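Based on the sequences and whatever the hints tell you, model everything.
All letters in the sequence shown, in the order written, are residues 93 to 462 by the numbering used here.
Since the hints were made in silico from the structure, they are not lab data.
When the alpha-carbon atoms are kept at most 20 angstroms apart in a straight line, the in silico SDA-like pairs for lysine to any residue are as follows:
id: 1; residue 1: 98; residue 2: 230
id: 2; residue 1: 262; residue 2: 219
id: 3; residue 1: 266; residue 2: 367
id: 4; residue 1: 98; residue 2: 407
id: 5; residue 1: 262; residue 2: 232
id: 6; residue 1: 262; residue 2: 230
id: 7; residue 1: 430; residue 2: 271
id: 8; residue 1: 404; residue 2: 210
id: 9; residue 1: 98; residue 2: 227
id: 10; residue 1: 266; residue 2: 364
id: 11; residue 1: 404; residue 2: 151
id: 12; residue 1: 404; residue 2: 147
id: 13; residue 1: 262; residue 2: 220
id: 14; residue 1: 98; residue 2: 374
id: 15; residue 1: 426; residue 2: 267
id: 16; residue 1: 443; residue 2: 177
id: 17; residue 1: 119; residue 2: 99
id: 18; residue 1: 404; residue 2: 425
id: 19; residue 1: 98; residue 2: 410
id: 20; residue 1: 98; residue 2: 213
id: 21; residue 1: 266; residue 2: 425
id: 22; residue 1: 426; residue 2: 388
id: 23; residue 1: 430; residue 2: 269
id: 24; residue 1: 266; residue 2: 368
id: 25; residue 1: 262; residue 2: 229
id: 26; residue 1: 443; residue 2: 388
id: 27; residue 1: 443; residue 2: 298
id: 28; residue 1: 430; residue 2: 455
id: 29; residue 1: 119; residue 2: 247
id: 30; residue 1: 98; residue 2: 119
id: 31; residue 1: 404; residue 2: 230
id: 32; residue 1: 262; residue 2: 425
id: 33; residue 1: 266; residue 2: 371
id: 34; residue 1: 262; residue 2: 421
id: 35; residue 1: 119; residue 2: 202
id: 36; residue 1: 266; residue 2: 432
id: 37; residue 1: 119; residue 2: 156
id: 38; residue 1: 404; residue 2: 123
Bear in mind that the values here come from a model prediction, so they are computed numbers and not experimental data.
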Amino acid sequence: MTSSRKVDVVIIGGGPAGTSTAIALAKSGRSVAVLERSRYETVRVGETLQPGVRVLLSELGVWERFLSDAHVPTEGIISAWGSSELYDNNFIFNPYGSGWHLDRRRFDAMLALAAEDAGASVYLSTRVVSCTQRPNGGWSIEAICDGQAIALLADFLVEATGRASSLVGKPATKRIVCDNLIAVIKYFQFSSPVADCRTLVEASQSGWWYSAVLPNNHLVVAYMTDADLLPRGHMSLADVWRSRIQDVPHTLARVDPCVSNSSTRSIAAYSYRRNCVADTQWLAIGDAASAFDPLSSQGISKALQSGIAAAKVIQASQSDSQVSLNEYAGDVEKSFDKYLQARAAYYNREKRWSDSIFWQRRQSYASSIR
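Okay, structure coming up:
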């Protein structure tokens, strides 16, 4: 029989939300175990950071580590939104300097190492087998790590599992879903270094496009549309991508000198929040709690903010558990509502395709909630 190791907090998921929670808790003296299913070896989507992320990374004590990892600085965003002409939103006047395009594998692995250096235990290549709330309080977690069974006892459980279909600690929770957005993604390689590393966003009749220059002269290009608006029948994702990119001349011009170095794939990108994100000795954080449209460029920043907030809630729960949990849940709901209003306002700037189902669906805040 496997003996159980006792820790204060178990965090399921080793993305930015989970590891930022671990860093903050470990630095405050809590014993923490992070269970991450990968070894950070596969491609991870979510490559852009706004300049203000410096505040969060500095709070976690990892800003200098981040700078040493050779991510690509970007001076702003150019967009063809509401017009076929490009508009430049430059970061030159931002007090925090440039934004960043990431090697996500390197970024996530850096945060995991920082969590270990702070005192947390990070279990890689780990699959959770069972997770049970004990009658006398706390949690019992069984997992397989590199083929070996491990057992953990924890006072508090944090779920940072991203867009996982269910939460292992609270499987009955439901998603409140706002749309059907997906990203159809391809990666490319430039033959020589690129001078213009700004993010490019370009609207089209059936959705919008995003591209960003990544480390090592790579380029990611994503076509954002609703899953039900993709053509049915024998047309492959690659065929759809090649056909639809003809509608966005600025993006097409950026891709033209590149060589594709990946297959075409799709990932979920819809907006939602969970109907329950906090309960006795349990929190859902990051995208496990709520997920925003990639247009917001808030994915990683939101994850870091969520992790830092979760650590504070767990610390505060020692004195008044229910109050701190309720405040956290309220903050998640208010933040999501504020995001929906901002999302509707931004989509309403695009008036060129009033008969497009994609744009009609997004230009009313009230219709965003279903």
